[in-house]
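Colleague: Read off the chains here:
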Amino acid sequence: MSTQQNARPPAPQEPADVIEAIYERGWTDGLPVVPPHAAGVQAMLDAVRLKAADEVGTIEARHTRITADKVAINAMMAGCRPEYMPVVLAAVKGLCQPAFNYHGPATSTGGSNIVLIVNGPIAPELNINARDNAFGPGWRANATIGRAIRLLMMNALNTRPGVLDRSALGTPGKYTFCFAEHEAGSPWEPLHVERGFRPEQSTVTLFAAEAVIQVQNDLSKTPEPLLICMADAMANLGSRNITGQSEYVVVFAGMHTQVLRAAGWSKRQVKRFLYDHARRSLGELKRAERIAGPIEPGDEQRFQHVTRTPEDIIVLCAGGAVGQKSACLPAWGSPEGSRTVTMPIELPS
Amino acid sequence: MLDGILLEKAGIPAVSIITEPFSVTGREMASSWGVPEYRFLQMPHPIANLADAELDARADGLLDRVVWLLKVGQGPE
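If you're matching them up, the sequences are chains A and B in order. Using the numbering used here, count along the first sequence one by one with no gaps and you end on 362. Using the numbering used here, count along the second sequence one by one with no gaps and you end on 78.
Source of the hints: derived by calculation from the structure; they are not laboratory data. Where hints are given, some of them may not hold.
[Said to hold, decoys possible] Partial selection, computed: residues in chain A whose CB lies under 8 Å from chain B:
1) ALA74
2) ARG75
3) HIS76
4) THR77
5) THR120
6) ASN171
7) GLY175
8) VAL176
9) LEU177
10) ARG179
All C-beta atoms, glycine included, are put in the ideal place defined by N, C-alpha and C.
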């Protein structure tokens, strides 16, 4: 099996010199990294009670085994605190799940983010932001946990632009993309409970997504107009999903959540409505050459939905209390290409 | 690419064909699997929007090289 990043970090020098030396070795995402050192890496390993050579998982298609030291070094370089390690470790195990199929979304021209959604008590404990600017900067845990995963992908799995990352455009979320669900602000059961975990079990959900599409509706006081806007965004003609029919993540921020809560809509109702309305006729798809073939009688009345089932639309709450904004995140690929996985975050006893 | 490598490892003759812009990626995959000199064929990109007749022409153009690589395999020429 191949391994990457076998060379040891450079010997201690002036911090700026070390940072430059790391750039020269190609170990960064373009931003400066924290120079790793033995004591710091050991603290990362201690936080999850692992030894350097312990195996965390394997990316079968890359024929590459991931050891704990690679996770620890990249987490430290990303700026993580040791207490973030259980989240990082769970996310790395998620990358290795066959259903997630790392090689597809990581390598494809589609240029997916690896979106990390944290649920459970660990989110407030680590101050993982779920509210204002949930997808944006300002929180160390959000910024560095997501970045640790990307650095590991680049340094330990050779997922580098033009090599084993063939993104045509990529997206800024590839630097880092980690947020928590705003469970306290949600009218529904949180994502991890919906997916079979106990509320007190912290989890991280991995979702290979294309870029975020923000949806605005500041007039609607009822669910239907709001959700029609969302469905329209989900079913744009250029969307990968309109042909791939993979999963979709839909994130409602505070004021839109209030509209849905006031109307008493269940999560299931929301999914069903979005599924029914996020679609395009075969006629539209053929005229736009998103699918091949001549237009046939009945094509204007036959529809392709953006997901195969309502359950493939993952609905959750995050974001600030003000602003009539929500967002949808199309999945990379197809349901066979990559599936969302939710991993338990194991805390050392 | 990976399918071809795995078939060859299983003793089944195979020919991997990739489009030219992915030659670097194909070579890296071969290196990951411990066969950095793995032989594969290349053709122009893209293929997704080719009509049936164009695809047939591509296949015809590749046929001699496919036969050659099946005969040569991954051993010495």
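Colleague: Compare the structure with each hint and give your call.
Modeller: Here is what the structure says about each hint:
1. ALA74: 6 Å, holds
2. ARG75: Holds, about 5 Å.
3. HIS76: 5 Å, holds
4. THR77: At about 6 Å, which falls below the 8 Å cut-off, the nearest Cβ of chain B leaves the hint on THR77 (chain A) intact, so it holds.
5. THR120: 7 Å, holds
6. ASN171: Because about 6 Å separates ASN171 (chain A) from the closest Cβ in chain B, which is inside the 8 Å limit, the hint holds.
7. GLY175: OK, holds: GLY175 (chain A) within 8 Å of chain B, min 7 Å.
8. VAL176: Since chain B brings a Cβ to about 5 Å from VAL176 (chain A), closer than 8 Å, the hint holds.
9. LEU177: Given a least distance of 5 Å, the restraint on LEU177 (chain A) holds.
10. ARG179: 6 Å, holds
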